[in-house]
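Taken in sequence, the protein lines are chains B and L. Numbered per this note's numbering, the first sequence spans residues 138 to 461. Numbered per this note's numbering, the second sequence spans residues 138 to 461.
Any given hint could turn out to be false.
Each pair may be met inside one copy or between any two copies, as identical chains are not told apart.
For lysine-lysine, the following BS3-like pairs were computed, each having C-alpha atoms within a straight-line distance of at most 27 Å [as the list claims (entries may be wrong)]:
(1) LYS290 - LYS315
(2) LYS290 - LYS428
(3) LYS315 - LYS428
Hints in this document: simulated from the structure, not taken from any laboratory. These figures come from a predicted structure and were not determined experimentally.
Number of protein chains: 2
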Amino acid sequence: MRYVLGIDIGGTNLVVGCVAEDGSALHGSASAPTHAEAGTSDVVDRLVALAQGCIEETRRAIPDAEILGVGVGAPGPLDTHRGIVLLSPNLGWVNFPLRQIIRDRLGLHAELDNDANCAVLGEWWVGAARDTRHAIGITIGTGIGGGLILDGKLYHGASDVAGEIGHATIDTEGRRCKCGNYGCLEAYASGPNIAIRAVEALETGAESRLSAMVNGDLGRITAQTVYEAAQAGDDLALEVVNDTARFLGTGVANLLNVFNPEVVVVCGGVTQAGDHLFVPLRREIARRAFKPAVAACRIVPGELSGTAGVYGAAKVFLDARANA
Amino acid sequence: MRYVLGIDIGGTNLVVGCVAEDGSALHGSASAPTHAEAGTSDVVDRLVALAQGCIEETRRAIPDAEILGVGVGAPGPLDTHRGIVLLSPNLGWVNFPLRQIIRDRLGLHAELDNDANCAVLGEWWVGAARDTRHAIGITIGTGIGGGLILDGKLYHGASDVAGEIGHATIDTEGRRCKCGNYGCLEAYASGPNIAIRAVEALETGAESRLSAMVNGDLGRITAQTVYEAAQAGDDLALEVVNDTARFLGTGVANLLNVFNPEVVVVCGGVTQAGDHLFVPLRREIARRAFKPAVAACRIVPGELSGTAGVYGAAKVFLDARANA
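Assemble the whole structure, with the sequences as input and the hints as a guide.
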């Protein structure tokens, strides 16, 4: 059996796994904290060790496993043709030749793509968006990323920047975003901004179990805390999740009107909010988007929690190999 | 030489022309008011007469001209596979079998696509977006439409609804749009809404030559009036055009971040405002969109004023024929 090593480099975690060529199996999956603050060579060393461990474990499990190469998902913007990370503030990388480094250190051919693109491609290949021609994925974490599968292919645009869904303006005069713009979707619905909106509500004196969950230290509230409180029925947390659904719904409705996809896959911790998120999200989208676009499209959570990026990175390598 | 008859059915005007197979020439171009209020059979009769006149004139000019077929651009939503206009409120059409009617009446093979898609395809084939792989067109008239050329092909989405750029939300709590949503780009920057914003400003008592231009009858102010006043240096009209540029800039910046196109072509009467529109439009886009997406993309007016839809409709026929 032939395998591809998939690597997902996130600001928080590194994840690896050997993916069967037909997407039917994942071996040696492992993850470790990124610890970007330790410096680039340290991050690369640990990534290489994690990757080598994964390959060894796969070869133990499948003695005749052939490793075709490596696919890498990395935070962008990237130059996929040259295999370079142009800029990654979280990792402290500028014009970083990641593909060549991976090739040299692992002795395997490597291909590179954006982390959000990889997550969406993974969900499209073997997850919640399989068997579609037009799919959009939204990844919600520290930021909001996205990827587009159009006519059955990952769409990159003119210069690999396509899919920056998180930086679509949903309110011309809205909240300032870290990107410098105002009113970006990310400024409302990313993990940290979900937490910020909860803290803002608490600071007005609203009642909630959230304060007790962090022993009164509001700075410790994360999006995760909000989802847990919402699942437990906390009114304020439910309102924050509901507002999140409305903001996301505005952004997703725009995508439905412009792309007319068959499926939108929402990935990331936010899916833990379950129906508390998806019911108002679908309602907001139905309210805002064109009826034929709404009728054509499912809005679903990702199915490959944690490994979508690994599957997608492996697929990036396979597609590049097929087109070479 | 081989030709295709292009037909552009608008809410205001019908336009026809015979387009050379290679896009190098247009013969017998003619237009007439649509007069939708006269009823469907009257509109169809006049459209057929206009088309027959165009074919005759082309055959007079080019005696050996061969007419391969007819491409039709019509207001959507459409079902392009079945050749049906699903809904056109302006024309009073529901599930209207336009392609079959054109085939029967003209005795020529016909293909159908959305009017905004045709305009963009025309600009991409022989106009301002030629020689690109990724292009977006925005048509600004009574409404705001759009079309997407992705990887060198018109993109339709899952159910022919793709490209509805005018109904992207730019302000979650904004102006009510005719589509039922709030804060759509169209609710700010369509022709009628440009006029409405000018009238609203005048009603606050602002000084402007606009009032004199319509002899004090503010209901007669159109977007055209505003462009003319702006060209003459009227401060209020310039402010309305400048605001239009900011609204459009928000919508276009979103498209840059998501599609990363090489060119955005702005079509319609609004281009008459010239630099008064395009200078602040480019500034707003540069302020809001990602730098690499901005660097990759030109923002330009259409070059085929009035006939983009005819060229594009002809190309729709040619492409369908090539794929048949």
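Hint check:
Taking the shortest alpha-carbon separations for LYS290 and LYS315, neither the intra-copy value of 30 Å nor the inter-copy value of 35 Å comes in at or below 27 Å. Taking the closest pair of Cα atoms, LYS290 and LYS428 come within 27 Å of each other both inside a single copy (26 Å) and across two copies (25 Å). Proximity of LYS315 and LYS428 under a CA criterion of 27 Å is satisfied inter-copy only: 14 Å between copies versus 34 Å inside one chain copy.
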